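63 is the number that this note's numbering gives to position 63 of the sequence shown; each next residue is one higher, with no gaps.
These are calculated hints, taken from the structure and not from any lab test. Hints are supplied without guarantee of correctness; some may be wrong.
[To be verified] Computed cross-link-like contacts, DSS-like style, restricted to lysine-lysine with a CA-CA straight-line distance of at most 25 Å:
1) Lys-56 x Lys-209
2) Lys-104 x Lys-176
3) Lys-176 x Lys-209
4) Lys-209 x Lys-221
5) Lys-56 x Lys-221
[Unchecked claim] The following label-pair restraints were derived from C-beta to C-beta distances:
6) Cys-207 x Phe-121: 21 to 29 Å
7) Arg-170 x Arg-224: 43 to 51 Å
8) Arg-169 x Arg-100: 37 to 45 Å
9) Ser-59 x Arg-196: 27 to 35 Å
10) Trp-182 x Pro-154: 33 to 41 Å
11) Asp-172 x Pro-81: 35 to 43 Å
12) Gln-108 x Arg-170: 36 to 44 Å
13) Gly-155 x Gln-108: 21 to 29 Å
14) Phe-173 x Pro-222: 35 to 43 Å
15) Pro-154 x Pro-120: 15 to 23 Å
16) Asp-57 x Arg-150: 23 to 31 Å
Nothing here was measured: the structure is a model prediction, and the numbers come from that model. Beta carbons: idealized from backbone N, C-alpha and C, even for Gly.
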Amino acid sequence: MKRVNDAFIRNLTADDMRYDDFLTGKRWYHRLYNRIFWGEKNSWTEARIVLDMLPKDFSGRMLDVPAGTGVFTLQMYQQLPNAEIVCLDYSPVMLERFRRRAGKSVPQVTLTQGDVGELPFEDESFDGVLCMNGYHCFPEKEDALSEILRVIRPGGWFVGCTYVRGVSRRTDFFVKNLYTRWGIFMEPHPTASELRARLARDYTVECWKPSGSMICFRCRKPSRG
1 MKRVNDAFIR NLTADDMRYD DFLTGKRWYH RLYNRIFWGE KNSWTEARIV
51 LDMLPKDFSG RMLDVPAGTG VFTLQMYQQL PNAEIVCLDY SPVMLERFRR
101 RAGKSVPQVT LTQGDVGELP FEDESFDGVL CMNGYHCFPE KEDALSEILR
151 VIRPGGWFVG CTYVRGVSRR TDFFVKNLYT RWGIFMEPHP TASELRARLA
201 RDYTVECWKP SGSMICFRCR KPSRG
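Turn these sequences into a full structure, and let the hints steer you where they fit.
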């Protein structure tokens, strides 16, 4: 797969917390930026919606891709001691931040560096896949969707959230002229209806929740027979 966000990743360090600070709206100027860009003060709204879509008391095997720094997921993972969770991200810096944040609190979590377009896992080896804020960053979206579908067992779930075009002209302008130009987001960016139609080709769409220019979704891979 074409490598994503290389320039962005090279500018990150394990000690630089600006990425997390912007996502969580830690300071007033982060909140102002998010309000102007996304129409909200932080990304917690979508994170809570998505995490609420995951099975409660999950004890199966889950893939989290891209795992990022664990800023939204770590607390939930600490409450799932019987699950087996594989967190994969292309950026080793993101994973190092996740590792530092988690310490020894989540022994059931494995951190793996890798490419969503070439997942290093066997077919049908996960009960579900979490993809939070990832799809809009994937450079080869069809490869990513194909690989995610491949590793989910029949009857398993696919949960996530992503940016969709056509909801907010202001957000679309910033995404096109800043995030996409900087190589943080990668085209093409579907509309909500285009994304739903694409997911429906492979899954049953069970839950669909718009949140500004983001869509939060839960899908189910068909069972055999």
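Output the indices of the hints that this structure fails to meet, ascending. 2
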